[in-house]
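> Residue numbers (the working numbering), protein chains in the order written: chain D, 10 to 104; chain P, 6 to 102; chain X, 12 to 327.
Just so you know, the hints here were simulated from the structure itself, not pulled from any lab data. Note that beta-carbon positions come from the ideal geometry of N, C-alpha and C, so glycine has one too. Any given hint might turn out to be false.
Unchecked claim - In silico SDA-like links for lysine to any residue, alpha-carbon gap of 25 Å or less:
1) P:K47 - D:R64
2) P:K47 - D:L33
3) P:K47 - D:A65
Said to hold, decoys possible - Covered stretches of chain D (in silico footprint by chain X; criterion: 3 or more residues with CB under 8 Å from a CB of chain X, positions within the stretch not fixed):
4) 19-33
5) 41-53
6) 74-84
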Amino acid sequence: MASFLLGAAGFVLLMVALGLVRILRGPGEGDRLMAAQLLGTGGIAALLLVAVATRAAPVVDVALALALLAAFASVAFVVGAPGAAPPGPSAADDR
Amino acid sequence: MSLLRDLFTVVAVSAGAFFFLAGTVGLLRFPDPLSRLHALTKADNLGLGLVVLGLLPHADGWLGALKLVGIWLFALLAGAVAAQLIARAAGSAPPRA
Amino acid sequence: MTPPLALDAGLAVLVLAVAASTIAARGTFASVIGFVTYGLLLALAWVRLSAVDVALTEAAIGGGVTGVLLLTASARLRRAEKSPAPAEHPGLVLRVTAAILSTLVAAGLAAVVLMPASPVPTLAPAAMANLPATGLGNPVAAVLLAYRAWDTLLEKVVLLLALLGVWSLAPDLLWGGRPGPRHLVRQESPLTLLAQFLPPVGIVVSIYLVWNGATAPGGAFPGGTILAAMWILVMQAGLADAPAVGSRTLRIVLVAGAALFLAVGLAGFVVADAFLAYPAGYAKPLIVAIEIPLTLSIAATLGLLVAGPPARAPEA
Chain D
10 MASFLLGAAG
20 FVLLMVALGL
30 VRILRGPGEG
40 DRLMAAQLLG
50 TGGIAALLLV
60 AVATRAAPVV
70 DVALALALLA
80 AFASVAFVVG
90 APGAAPPGPS
100 AADDR
Chain P
6 MSLLRDLFTV
16 VAVSAGAFFF
26 LAGTVGLLRF
36 PDPLSRLHAL
46 TKADNLGLGL
56 VVLGLLPHAD
66 GWLGALKLVG
76 IWLFALLAGA
86 VAAQLIARAA
96 GSAPPRA
Chain X
12 MTPPLALDAG
22 LAVLVLAVAA
32 STIAARGTFA
42 SVIGFVTYGL
52 LLALAWVRLS
62 AVDVALTEAA
72 IGGGVTGVLL
82 LTASARLRRA
92 EKSPAPAEHP
102 GLVLRVTAAI
112 LSTLVAAGLA
122 AVVLMPASPV
132 PTLAPAAMAN
142 LPATGLGNPV
152 AAVLLAYRAW
162 DTLLEKVVLL
172 LALLGVWSLA
182 PDLLWGGRPG
192 PRHLVRQESP
202 LTLLAQFLPP
212 VGIVVSIYLV
222 WNGATAPGGA
232 FPGGTILAAM
242 WILVMQAGLA
252 DAPAVGSRTL
262 RIVLVAGAAL
272 FLAVGLAGFV
282 VADAFLAYPA
292 GYAKPLIVAI
302 EIPLTLSIAA
312 TLGLLVAGPP
322 ARAPEA
């Protein structure tokens, strides 16, 4: 079970690592942000898998802190991205 | 009983890993930002959700299980808000070649 | 190859790949994203090295606050110089020198880690042996707040000095004003929803981390960083305005942590015959009493570091 969970953690990390290509290539800032978001969620999943595999409960706290900060960071990055439109209802939303 | 529990974990975690794979493939292969966003949010919701579901039987009592579900909920919230904001930014930007 | 080894090897390769892509990325935004990702992977690496306290702090600082700080800094630089003159790009000599110096430092660190003196000098047994005297259960907390409390105190002072450095970037007539532009509250924006929903959760998690830090990984620094992140979120959503840097209450909050720490340290001369010595039996309550204002000070300092120098003239 522990080996399977660690293997799953490795697999998830490998997957999101491929998303790194988007950080380098991604034609827009949104694409780079998406890749970072994917890496964040994958990192949380990997941390949880490692926590249960090694029976180390404090690692779940690291995943908790990461989840909170992923929320904060993704928002801060979208708001602070160069040339970003201000968040909020725009003209296109009026129906 | 323990075998059933382990089987459940293996199935759920494998399904979650599959959704991460799908999300990554989508992020790399879809043609425009909005559809890539669609793939990303599937990885977020279902990928992490299934992994958390699979780990719940191994959690540290009720508090541990609550923490795991809480982590998934915050990741959902982060993903939902980020997706909205990215979509607005991508939608209002001039189309790129 | 066993799964743990595969995981660790994959993680090591991934860390190197992200570092390389951060350096290779064009444009500051891509580099900052790469840097934040690098911090996240480092947190995972620390977990694999069984240093959970460090992983927690790395996730908190590298994953959130430093990334936003770098982003705002790069935005300021972009505004300040629209296009750098060709002469301002670093020349070949500078780049080669930087590469050589980086390689030397990396090689030195690798040599120290891979070829340690034998027996490996370590204070870990002594740290664990004296743990009961401090009343704490977490050896990292004991090192930070009991054995090396002096270093922790100085770090907090350094944080304040960094904040002063950022504030000094403001022109004279803006000194004492509020940092950053006034963000407007957007109706029906997901940002507003997040800024209303997340901070209460963040506050609870922060209190949990600080309280739990005495016996399990946690402590004032990760707790304070999460508080700072929540505050920054609220400011960016426009739900609260940044405080004027001249405000007395703000300055008291900023200084309270280090000041209380120093006061306890000086009292140690009188009560326990050494600077920063705790009287027997009172170690844990004193440490907890120090950690609470310390957390608030760290949160305020980090939040203001991200908010930046004063940008609006002080009101009468």
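> Take the region 41-53 of chain D, compare each residue's beta carbon with every beta carbon of chain X, and decide whether three or more fall closer than 8 Å.
With 7 residues close enough to chain X, the hint holds.
> Is the coverage entry for the region 74-84 of chain D by chain X consistent with the three-residue Cβ rule at 8 Å?
Satisfied; 9 residues make the cut.
> Between K47 of chain P and A65 of chain D, is the straight-line Cα distance small enough, at 25 Å or below?
Since the Cα atoms of K47 of chain P and A65 of chain D sit roughly 28 Å apart, the hinted pair is violated (cutoff 25 Å).
> Does the structure keep K47 of chain P and L33 of chain D at a Cα separation of 25 Å or less?
22 Å, holds
> With a Cβ-Cβ cutoff of 8 Å, does the region 19-33 of chain D contain at least three residues near chain X?
It holds, with 7 qualifying residues against the three required.
> K47 of chain P and R64 of chain D: Cα distance at most 25 Å?
28 Å, violated
Of the hints listed earlier, those the structure fails to meet are numbers 1, 3, in rising order.
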